[in-house]
Structure formats: structure tokens, C-alpha cells
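Top to bottom, those sequences are chains A and B. So for the first sequence, the numbering used here puts the first residue at 1; every next one is plus one. So for the second sequence, the numbering used here puts the first residue at 1; every next one is plus one.
Among the hints, erroneous ones may be present.
Quick look at which bits of chain A chain B covers, simulated, 3 or more residues with Cβ under 8 Å [to be verified]:
1) 40-48
2) 56-68
3) 81-94
4) 132-140
5) 187-199
6) 249-262
7) 265-271
Taking CB as the label site, the calculated pair distances span [unchecked claim]:
8) Phe245(B) <-> Val38(A): 39 to 45 Å
9) Thr112(B) <-> Ser98(A): 17 to 23 Å
10) Asp233(B) <-> Arg225(A): 50 to 56 Å
11) Leu99(B) <-> Thr76(A): 34 to 40 Å
12) Ala105(A) <-> Arg230(B): 34 to 40 Å
13) Asp215(A) <-> Ala256(B): 37 to 43 Å
14) Pro87(A) <-> Ile21(B): 51 to 57 Å
15) Leu58(B) <-> Leu294(A): 46 to 52 Å
16) Asp163(A) <-> Thr112(B): 41 to 47 Å
Here chain A is said to cover these stretches of chain B; the calculated rule only asks that three of the stretch's residues, wherever they fall, bring their Cβ under 8 Å from a Cβ of chain A [said to hold, decoys possible]:
17) 11-18
18) 137-150
Hints listed in this document are in silico derivations from the structure and should not be mistaken for laboratory results. Keep in mind it's a predicted model, so treat the numbers as computed, not measured. We treat Cβ as the ideally placed atom computed from N, Cα and C, and that holds for glycine.
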Amino acid sequence: MADDQGERLALATTTAAAERGIGGRAGGRERGRGLALVAAVPAVLWMVAFFVVPLGVFAFYSLLTNAFYDVAFPLTTDAYVSAVTSPLNRTLAWNSASVGLTTGAITVAVGLPVAYWLRFVAGRSRVAVLFLITSSMFASYLVRIYAWRTILGSRGVVNSVLDRVGLIDEPLGFLLYSRFAVVLALVHIFLPYVVLVLYAAMAPLGRGLLEAGEDLGAGSSLLWRRVILPIMAAPAVSAFVFVFILSAADYVTPQFLGGRDGLTLGVQIQSNFITVGNWPLAAATSILMLLAFLLLFLLLNALLRFRRLHDLRIQT
Amino acid sequence: MRADGTRVRSPVTTTILVTSIVFLFAPLAVVVLFSFNDGGSVTLPFRGFTLGWYREILSSTEFRSAVTNSAIVATVVALATLVLGTLAAYGITRARSRLRPFVAVLLFLPLTLPGLFLGLSLLVVFSGTEISLSLTTVAVAHLVYVLPYYLLISVAALQRLDPALEEVGADLGGNAWLVFRRVTLPQIWPILLSAALLAFLLSFDEFIITFFVIGPQSTLPLFIFSSLRRTVDPSINAISSSLLFVTIVVFAVSFALTVRSARSGRISVEPDVVGVDA
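Pulled out of the complex, with its shape left as it was, chain A reads as follows:
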């Protein structure tokens, strides 16, 4: 019975493609639509149980007393006080911010022209290049960190090549175990994400828009400034924030490539939790970091909105 109905359905829908809009306003359909959200219930429950609640508990831990690999009452803001007043934390927060800022800025600056290439220049090679970029996105995170250690180390690829060519007598020590190495590896990790996000966002940028600009005599730098960048500002900002957050809170890359001046707050949070066993401090530092991320996000959004208002005022 049900299958019979199914055959009829399949048959009808093939013809329906040609005759769009044939579907009337059936009451039954509307009712079905209202219930469709029920399908999302299992996923929602999962996210509440293993995302929302754990985060809430974690935030609550930041207000408890340290009990060495555990927490205890009474409620206190001690953890926040020590997180904020620690001079080490301030240095590490600065390191995190600078790593996030540089990584975000570089990935967006490189990602924009690459996305432009994919959208407008690529031609037949588009699918192949998309394959390369996306596959590199899934290349193992740890393997990439290891690869950069191999390349930048004192006996690594870069130093041995430079030595062989005779450009250096001693290995360049600053390559590895530095903020430079951390940023390089993080750019390597996040560039594919940024390219894909920006490429998808370039969809509404029609070729006609660019050609119209060219016909009016605009050079490529003027086109970038007046047509492409204004449209891409919002997606570029989201991509930047995404990369900033994920690279500023990374705790693995700095551990292996950072040395002393490349150490970040993420590493400190992890070691406070795992090695030191001060859970409230780790939680408080995490919450402060999340608040800082939120602030950055709101600030950049406000800036975008302001710019849009400003543009409108110029036009009128």
C-alpha cells in the first residue's frame, strides 16, 4: 500500500519539475511543516547534554574554590582575581592575541585573492584546484605541526639547504621555537578554511558587476577597492574572527613550535588543568578568554554596521 503510493509519488514528481508551482496550498502540508522541527530534537538534546550543560558546569567551576584536581565550596571570585593579576597570564594573553591577529590577518589577506581566482579566473581547472585546497584542509593537524618542525629545525630542511648553498655558517635558530613558527603552522592549518568560506561568499558577486566596472574604465585596483572589498567585508570579518578564535586558543601548536616567546594562554590553561590541577583557575581563564572573543566579535560587527551607515550617508 505504502509502496504503491510511493510509485505514484515518484512518477508525479518527475513531471512536476516541468510544471512548477503546481502544488496548491494543502492544509496537511502546513501541519507537516510545523512538526518538521521534531526531527531536530535528537540533535538538540545531544547538544544540550554534551555542549550547553558541560559549558555551564565549567563556567560554574570558575567560581568555586580550588581543591587540587577538584573543586569545593564556598563560591569565590579568587580564581578570577588570580587569573587577571598574574603577570605571566598577561604576557601569554598578549602572545595569544598577537598569534590570533597575525594568523587571521594573513589568512584573510591571502584567502581573498585565492577565492577571487577560484571564482573568476579558474575556468576549467576550478574543480581540480578546489580538490587540492579542500583536501589539504583535511590533512592531519598534528602531521602539519610535525612537518613544520622538520622543516624549520636547526638541522631541518631550510637550514640544511641554506647551509649547503653557503648562505649561512650556523643554523638559523629563530626559525623554530618562536612565534613566527607558530603563526606559520597556523596559517597553514587555517588558510584552506578561509579560502572556502570566502569563495562561497563570492557567489553574489556576479561577473557582470566586474565587467560593468571594467567597461566604465575602472582598473583592477579600483575594482578591488570599490566593488570586491566592500561586498567581501562582512564574510572576511567572519573568517578573520573564526581564525582568530581558533588560533588564539590553540594549545598544541605553541607547545611544539612556540618555544618561550611563542607560548600562549591556551597552553597555560591546559597545564593549569592537567599538570597543576587548579581547575577553578583554568576555568576562570577560559571564561575570560571566551568573553574577550565575544567582545572582539561584537566590536568588529559594530564597526561593519557603522561603515555601512557611513556609506549610505555618502550616497544620499
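For chain A, the structure is supplied; the task is to place chain B on it using the hints.
Coordinates of chain B only, in the frame set by chain A:
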């Protein structure tokens, strides 16, 4: 191509593109090359070709059990994502409820939370409720991490479908499940399968969260992490290369599914062929 058939030329962006591709692949190529290098240290020059490092890791029981564990977790996570994620994507795209935006935000939110915080939060809850850490807790955590990525792709695919087809199905008296199975699913199953394969990959390679929620067992990324902490043993190149190999094979299958379905006209081709919608 332009309307008159000439290609847009842009030497500057072409140079940046080529440089980026080299930048993305050269480090990986170095690791793969060293995995075949006959010599006790990971330095230039190359000493000759060997498969010895691969033989060494294959005979290591630790390595084999790490690979097995990763495969088990990733398979479970991919299957669970396929079911939960498809249901959720359907709910998000087809519902008219006022709750819809809240549900969407909740399900996409984990994308923006660094793994460090998710890992710590889950560890706190697991240890507080005395749930012992194991591969199960790893799979539980991975599902939270992977689901939003799956939704990015599946929601985009469902949104691009012609709504008229489903409407006709409903008008002919099909219930929601029948319409989904006979009208919706035949159009998008390759995309869903492709996204589930990506879910497999994300889980297979996950380290940041896994580090906090894993018990006494090991997964492949954890195995790599501990060898990175020890001294430089060239077998790490063979381990890394094997992981890259698995990734590229699974990804190629996933990509082929997407491209095929784009070519067959089920899903629009441009420009989000990979399904990443900002």
C-alpha cells in the same frame, strides 16, 4: 569565462594561488619523502629509498591498535552524524516554527568554540558524574564537534532542492516520511554520504578534544602526539604519511560524490560545489 568567451586574466592572483598551493603541499611532501628515506635521522640529504619504516610501524602492536581504535570511533561517529545530522538538517530547513532560528544557532554554535574549552568542559562533567573515560566518551565528544560541519553541508544541500517536488509529493497524500524517503533522499543521498565521509575524517584526525576525554586507550592522533613528545624517531614520518594517505583516499571518494551529484544537476554547481556556505 566572460560573455565574449575570453578568460579573465589576473597574473597577480594566479601567482598568489600557485604560491598558496605550494605552501599548502610542500610541508606534507617533505614528510612523505622522509618516510621513504633510508637513514636514522630526519635530515637532508636523503640517503636512499627504503620501505623499512613502514615495515616497522606495521609490526608495532601499539600502532595497529591505535589505528583500529581511530577507525572504530570514526565509523561510529560518522554513522551517528548521518542519522542525527540528516534529521536535524531536515528539521531546520523544512520547519516553519518560530523556534527554528534558536535550534539552528544551538546546533551551529560548537563551530565557534575552540576544542580546548569543549574538551575541558566535557572532562569536568565526565569526572563529576564518575563516567570513566574511554573510547565511548571520545565518540560522544566527537559527535558534538562533527555535527555542525555535517549540518553546514546537508542544510545547504536541502535548501537548494526544488521545493515544488516535495510539495507535489505532499499534495498527493504522502506523509512526511514517505515524501522524504521517495522524493528528498533520492536527490541528495550522494551529498549526505559525502558529508558523512568528511565527518569520518574529522573524527579520525581529531586530537584537541580527544586529548582530554580519552581513557587508557590510544587513537592514531594520540599515538602521533606521544611520539612527537619523545625523541625524533624517523618512523613518525611513515605514521604521518599513512594518516595522510587514509585522508586523501577518503576525501577523494567524498569529493567525487559531490562533484558527480553537481554534474548530474541535482545540486547547483556554482560556486559552492564543496557545500561550504558562509
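Practice problem: Check, residue by residue, whether the segment 81-94 of chain A contains three or more positions whose beta-carbon lies closer than 8 Å to a beta-carbon of chain B, and give the verdict. | Solution: violated (count 0)
Exercise. Quick one: see if chain B covers the segment 40-48 of chain A, three-plus residues with Cβ-Cβ under 8 Å.
Key: With 8 residues in contact (Cβ-Cβ under 8 Å with chain B), the coverage given for the segment 40-48 of chain A holds.
Practice problem: Given the range 37 to 43 Å, decide if the beta-carbon distance of Asp215(A) to Ala256(B) lies inside it. | Solution: Cβ of Asp215(A) to Cβ of Ala256(B): about 40 Å, so the range 37 to 43 Å holds.
Quiz item: When you take the CB atoms of Phe245(B) and Val38(A), is the distance between them in 39 to 45 Å?
Solution: This hint holds: roughly 42 Å between Cβ atoms.
Exercise. Using the beta carbons of Leu99(B) and Thr76(A), state whether their distance is inside 34 to 40 Å or not.
Key: holds, 37 Å
Quiz item: Is it true that Asp163(A) and Thr112(B) lie within 41 to 47 Å of each other by Cβ?
Solution: holds, 44 Å
Quiz item: Counting residues of the segment 11-18 of chain B whose CB is closer than 8 Å to a CB in chain A, do you get three or more?
Solution: Holds, because 5 residues of the segment 11-18 of chain B bring their Cβ atoms closer than 8 Å to Cβ atoms of chain A.
Practice problem: Could you say whether the range 50 to 56 Å given as a hint is met by the Cβ separation of Asp233(B) and Arg225(A)? | Solution: holds, 52 Å
Practice problem: Examine the segment 56-68 of chain A: at least three residues should have C-beta closer than 8 Å to a C-beta of chain B. | Solution: holds (count 3)
Exercise. Examine the segment 137-150 of chain B for residues whose CB is less than 8 Å from any CB of chain A, and state whether their number is three or more.
Key: holds (count 5)
Quiz item: Should the hint that Ala105(A) and Arg230(B) are 34 to 40 Å apart at their CB atoms be regarded as holding?
Solution: Given range 34 to 40 Å: holds, Cβ gap about 35 Å.
Exercise. Please test the hint of 51 to 57 Å on the beta carbon pair from Pro87(A) and Ile21(B).
Key: violated, 43 Å
Violated hints for the displayed structure, listed by number in ascending order: 3 and 14.
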